[in-house]
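A.B. asks: So the sequence lines, in the order shown, correspond to chains C and S. So the first sequence is numbered by our numbering: it starts at 1 and just counts up by one. So the second sequence is numbered by our numbering: it starts at 1 and just counts up by one.
Any given hint could be a false lead.
Some chain C residues judged to face chain S by a derived CB distance under 10 Å, without partners named [stated by the list, open to error]:
1) Ser2
2) Thr7
3) Pro51
4) Arg84
5) Gly86
It should be emphasised that the hints constitute simulated quantities derived from the structure, not laboratory data. From the three backbone atoms N, C-alpha and C, an ideal C-beta is built for every residue, glycine too.
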Amino acid sequence: MSIDRATAAKVAKLARIRVDEADLPALADEFNAILGFIEQLQELDVSDVEPMVSVTPMQLRRRADVVSDGNQQAKVLANAPDAREGFFAVPKVVE
Amino acid sequence: MSDLTKLTIAEARDALRRGETTSVALTEACLSAIDAADALGAFVHKTPEIALERAAAADQRIKAGDAPDMCGIPLGIKDLFCTEGVASQAASKILEGFRPQYESTVSGQLRDAGAVMLGKLNMDEFAMGSSNETSVYGNAINPWRAGNSDAALTPGGSSGGSAAAVAADLCLAATGTDTGGSIRQPAAFTGIVGLKPTYGRCSRWGIVAFASSLDQAGPMTKTVRDAAIMGAAMMGYDPKDSTSADLPVPDFEAMLTGDIRGRVIGIPREYRMDGMPEEIEALWARGREMLADAGAVIRDISLPHTKYALPAYYVIAPAEASSNLARYDGVRFGYRAKMVPGDGITEMYEKTRAEGFGPEVRRRVMVGTYVLSAGYYDAYYNRARKVRTLIKRDFEEVFAAGVDAILTPATPSAAFALGKKHADPVEMYLNDVFTVTVNLAGLPGLAVPTGLDGAGLPLGLQLIGKPWEEGELLNIGYALEQAAGFVAKPAKWW
Chain C
1 MSIDRATAAK VAKLARIRVD EADLPALADE FNAILGFIEQ LQELDVSDVE
51 PMVSVTPMQL RRRADVVSDG NQQAKVLANA PDAREGFFAV PKVVE
Chain S
1 MSDLTKLTIA EARDALRRGE TTSVALTEAC LSAIDAADAL GAFVHKTPEI
51 ALERAAAADQ RIKAGDAPDM CGIPLGIKDL FCTEGVASQA ASKILEGFRP
101 QYESTVSGQL RDAGAVMLGK LNMDEFAMGS SNETSVYGNA INPWRAGNSD
151 AALTPGGSSG GSAAAVAADL CLAATGTDTG GSIRQPAAFT GIVGLKPTYG
201 RCSRWGIVAF ASSLDQAGPM TKTVRDAAIM GAAMMGYDPK DSTSADLPVP
251 DFEAMLTGDI RGRVIGIPRE YRMDGMPEEI EALWARGREM LADAGAVIRD
301 ISLPHTKYAL PAYYVIAPAE ASSNLARYDG VRFGYRAKMV PGDGITEMYE
351 KTRAEGFGPE VRRRVMVGTY VLSAGYYDAY YNRARKVRTL IKRDFEEVFA
401 AGVDAILTPA TPSAAFALGK KHADPVEMYL NDVFTVTVNL AGLPGLAVPT
451 GLDGAGLPLG LQLIGKPWEE GELLNIGYAL EQAAGFVAKP AKWW
């Protein structure tokens, strides 16, 4: 299966990574090299094999359904590139 | 005492307890060594004030007589660990300026045991790489050089700064993390010991996530004994990590008897690769002989799905990375791209991630996005998870047949020149061929320095153990270390 320029552009869009139009052919080539390497997996018959969910057989634990943390607004916002009036600030999303 | 920085953890612990030195003296010696070693690119954020403050507190505790083993021991911490108030940016531009408000469980356990943090160590960006060439800080350099050449060699990756720092005696030991070989490959390239524990042994909480089902922290040390001491201090149950194992951590150091009589060591035939250098083949054969001479039973075994491990890894790891790295969006922490009038939130995300991630990270996030996208999920991601089941089953079958541990080469070559493999991602990926199976199966793995190649570069062997049997694994590694008698050090040029 070969990735073309349009597919490369779609993947970049899904990943929310801007790629210049001029760089798309090279990106498609890189994808094809990596996918060519991955293609070996098709040699195996895996029809009766369960996909691995957890490498160690275990039940995920549940914690008590109680509030155990909070009231740390300053710490939560401390690393924000733009924080105002106790909120994260982003470009306008609603016209 | 002279050469304080050359001490092992065990030697320093004993000297501290006997009052022959102080943590402040050890820490000052390391800080001077670090300041004189900028050419290695190992320490990327130095924290001398924190170090000296913790060293003074450790000396008080040692005087009071209730100090744990790691108390007063100066360490380097990989940049992937979140450290409270100290830059922690996973060697990425996208986490520029990020100062965590919390401490990772593992670095917190070391801190609480009295260990001294000297600073943060270089690595591949988001731990994606095998040569430390994808770091925003620039390359880390191997203190070892080939023969009389002054060409810069890679210390391996992704824990390249950790490996270089320990090998060059800038610190007594360092933390590393291992998703596909990132502790064991750099350890082998620099002549030190690296332990990747069983998945679930060390809490992942507060360690910047790459591929959550594979990531595991571990110690990088000068000796197997030190890996036993520091490993035990890093492990343990943590309710903040849902996959953390609620199991007691044994006293690994007490298990180092060197007695491995009757232990069955498996030699997997699939690890004999085409084009493997003769020196690696010879080293492996010598390792086999050394363990046999120590009384172990050597048995040829088969792990038939080995060749599918790397392709499965390069589906699963990017898939998990694409999900984990979705959080870097320029909103809550780190870098945000400059905006132009008319840019909305989507432009902000796309520009921030294009500018903030380096090429290898962008590549893996996009490959991961592709294999998880509608129409390809079954063909790639689900198939890789099924192959992972088969790879784990291979190991379960040999362990059930009585094998106690498996001996393999740690790497397909000695350290290579910086820039040599950077152009071809797939060629770089092949570096992890002997280590990646262990992550996919969740097993403990140990790299032990075992010899030098013709150019005088260190080579290591890998031992693979049963789940939760790090003590047994370390003891077999200890026997190998004793037999190999590896004492070489890099000649100082920096």
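A.B. asks: Hint by hint, say whether it matches the structure.
C.D. replies: Structure-based check of each hint:
no.	hint	verdict
1	Ser2	13 Å, violated
2	Thr7	8 Å, holds
3	Pro51	4 Å, holds
4	Arg84	13 Å, violated
5	Gly86	14 Å, violated
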